[in-house]
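Undergrad: For the record, the sequence lines run as chains A and B.
In terms of the numbering used here, the first sequence opens at residue 29 and continues consecutively.
In terms of the numbering used here, the second sequence opens at residue 29 and continues consecutively.
One should not assume that every hint holds.
It does not matter which identical chain is used: a pair holds within one copy or between any two.
[To be verified] Derived DMTMM-like pairs (lysine to aspartate or glutamate); straight-line CA-CA distance at most 25 Å:
hint: 1; residue 1: K382; residue 2: D166
hint: 2; residue 1: K176; residue 2: E206
hint: 3; residue 1: K314; residue 2: E377
hint: 4; residue 1: K341; residue 2: E74
hint: 5; residue 1: K91; residue 2: D256
Hints were generated in silico from the structure; no laboratory data involved.
There are 2 protein chains.
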Amino acid sequence: MNKNNYCIIMAGGVGSRFWPVSRQNHPKQFLDILGMGKSFIRHTYERFLDIIPAENFYVVTNKKYTELVKQHIPELKNEQILSEPLGRNTAPCIAYAAYKVNKLNPDAKMVVAPSDHLVLNESKFREVISEGFDFLDDNNTLLTIGIKPNRPDTGYGYIQIDTTVQIDNFNKVKTFTEKPTLEVAKMFVESGEFFWNSGIFIWKSDEIIKQFINHLPEVDRLFASINDSYNTEEEENAIRQIYPECRNISIDYGIMEKADNVYVRCSEFGWSDIGTWVSIYQHSAKDVNGNAILGDVLTYDTEGCIINMPNGKVAVVQGMKDFIIVDSDNALLICPKNDEQNIRMFVEEVKMKKGPDFI
Amino acid sequence: MNKNNYCIIMAGGVGSRFWPVSRQNHPKQFLDILGMGKSFIRHTYERFLDIIPAENFYVVTNKKYTELVKQHIPELKNEQILSEPLGRNTAPCIAYAAYKVNKLNPDAKMVVAPSDHLVLNESKFREVISEGFDFLDDNNTLLTIGIKPNRPDTGYGYIQIDTTVQIDNFNKVKTFTEKPTLEVAKMFVESGEFFWNSGIFIWKSDEIIKQFINHLPEVDRLFASINDSYNTEEEENAIRQIYPECRNISIDYGIMEKADNVYVRCSEFGWSDIGTWVSIYQHSAKDVNGNAILGDVLTYDTEGCIINMPNGKVAVVQGMKDFIIVDSDNALLICPKNDEQNIRMFVEEVKMKKGPDFI
Chain A
29 MNKNNYCIIM AGGVGSRFWP VSRQNHPKQF LDILGMGKSF IRHTYERFLD
79 IIPAENFYVV TNKKYTELVK QHIPELKNEQ ILSEPLGRNT APCIAYAAYK
129 VNKLNPDAKM VVAPSDHLVL NESKFREVIS EGFDFLDDNN TLLTIGIKPN
179 RPDTGYGYIQ IDTTVQIDNF NKVKTFTEKP TLEVAKMFVE SGEFFWNSGI
229 FIWKSDEIIK QFINHLPEVD RLFASINDSY NTEEEENAIR QIYPECRNIS
279 IDYGIMEKAD NVYVRCSEFG WSDIGTWVSI YQHSAKDVNG NAILGDVLTY
329 DTEGCIINMP NGKVAVVQGM KDFIIVDSDN ALLICPKNDE QNIRMFVEEV
379 KMKKGPDFI
Chain B
29 MNKNNYCIIM AGGVGSRFWP VSRQNHPKQF LDILGMGKSF IRHTYERFLD
79 IIPAENFYVV TNKKYTELVK QHIPELKNEQ ILSEPLGRNT APCIAYAAYK
129 VNKLNPDAKM VVAPSDHLVL NESKFREVIS EGFDFLDDNN TLLTIGIKPN
179 RPDTGYGYIQ IDTTVQIDNF NKVKTFTEKP TLEVAKMFVE SGEFFWNSGI
229 FIWKSDEIIK QFINHLPEVD RLFASINDSY NTEEEENAIR QIYPECRNIS
279 IDYGIMEKAD NVYVRCSEFG WSDIGTWVSI YQHSAKDVNG NAILGDVLTY
329 DTEGCIINMP NGKVAVVQGM KDFIIVDSDN ALLICPKNDE QNIRMFVEEV
379 KMKKGPDFI
């Protein structure tokens, strides 16, 4: 394995779309919503283990999840867990990891990946990532992984490729687009030029730092200012000082959409960001009535439902069709699958009613 | 208050119709399903307190509920709680209380009442019961309380009166009938001759014993055989000996349907046996959408539902119409109001799946 290859796992997210199973103090990346026996973050870690040296993994997370990260990946040493004092979106998270890794190894190449995605074909995935690392040797680009869309999903951002500029399996990126309407998404898929934006990136650490200097100079200035402290006892304190001053901005908006050397590796390896209950449903085993059930549930005249019960509890469900039923700790959610976008609003209203710690 | 008047509260029932709120080790009589601030058994006790001397109350219950009875009615002395080693229906329960009370006071009159009913007009109720006690002075009858029906309820047994034999407000009973079909129930209500059987009785202790001798001699023989032990330290042991040998039989079937001196006081005092979730619904306060809600619940596009959540838990419910949603401890029930008769079956199936202690 190449000692210059590093893996940065981003695990600071606090999603509310899986409430009440996903909670503020135990968010999605630490859950096993699909009932596969391992949390998303554990799967993510193991997915890269064959191609990245174990000592080259870094997990960036919110300070409040540091202990959870240790529990799920006990192999990590303390210095492999980068704790953010507060969430500032992906650009600062990546800057932190890039400066730290680059100081350790100026020849570092790093793959950056979210901690809560699903990959079905892991060997194909590793092939793609390895190919990406190799590609960087001759092409100093910002590489992103695009997924060939199999349906006009309106929940994803899309990457348009420049079909005229291709090197091996890699295309130059023409545009990044936000989540489209259904009509636009259909056109995207038909065109063959648009790919889902997986949020997985590969680049050299010194190259991404150069891009921070160009496109997000105020972010660069903060992380550069504490360069002496990386990988020392001062690091945690220094990070705590600069984070509150740092802009909240995504790497897509801050850099990927602005840099002119962005390439995409268009791939197919059974990927989903598992962003909603319905995507959980799509990837779950179902009973004869099309119910995706996790836990002890007796159903009668019930079909097309997602039912998720905690250990030790039984549900008896009669007469439900295409509902989400999730029982977890101090909350129960019952809502039609078609209305799952309401869950964010539900969470806000429960927060107003019961206080922020309830969520 | 008349020192000869006694109150026997029957509290041994283990209903499953309110599962999962009502549990084997915490059944309905100890619950406050309507959210009135007191359990059914506490309400029952207080309902009689104005007309019966406190030392003349006896609660008959299953041994496993003795502690619960003490918690709900701490005023009771130990000797006022009669513990059955196992449930044998109402006839043995009443025989036990009658022999015990009769030995204490051969002039005793006793009202016998279930512990889990609802009475809205309690002063009217007390009037009726007091009138009943007085009636016994001149008429040595078995008195039962009939309720004027306001709808053709198929969940109740009915009492037909003999309109030709009336003394004051009391009619001789012609027949007892089981739960009728809807068509029959409609005829009953229209006729004006049929009343709901409330399961509340008033009689002299020596008279009901005489009826046991006549109609249930084998039950009488058991309870008469331990006459020396009542109100002594031997009582508990003696009861434990005879109960397993005793027949399982209701007072209605064993005596009321057979005796020829049964009278009924037809009454109206806002009574319900609160036997089903739908009867809970009928007697509960409802929100603007007709939902009867107990606990912290946010509803959206939801109407006509009964929602019952435990303390400290929040439910978010969208898109439900006329459902029962009950969350309690280790079980969650979701079923249409119209199918509530299935709950007994659900309980049996959960028992099969999870074992008897789960219920």
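Undergrad: So, for every hint listed, does it hold in this structure?
TA: Each hint tested on the structure:
no., hint, result
1, K382 x D166, "neither (56 Å within a copy, 62 Å between copies)"
2, K176 x E206, "within (16 Å within a copy, 68 Å between copies)"
3, K314 x E377, "between (32 Å within a copy, 21 Å between copies)"
4, K341 x E74, "neither (31 Å within a copy, 36 Å between copies)"
5, K91 x D256, "within (22 Å within a copy, 74 Å between copies)"
The structure does not agree with the numbered hints 1, 4 stated previously, though it agrees with the rest.
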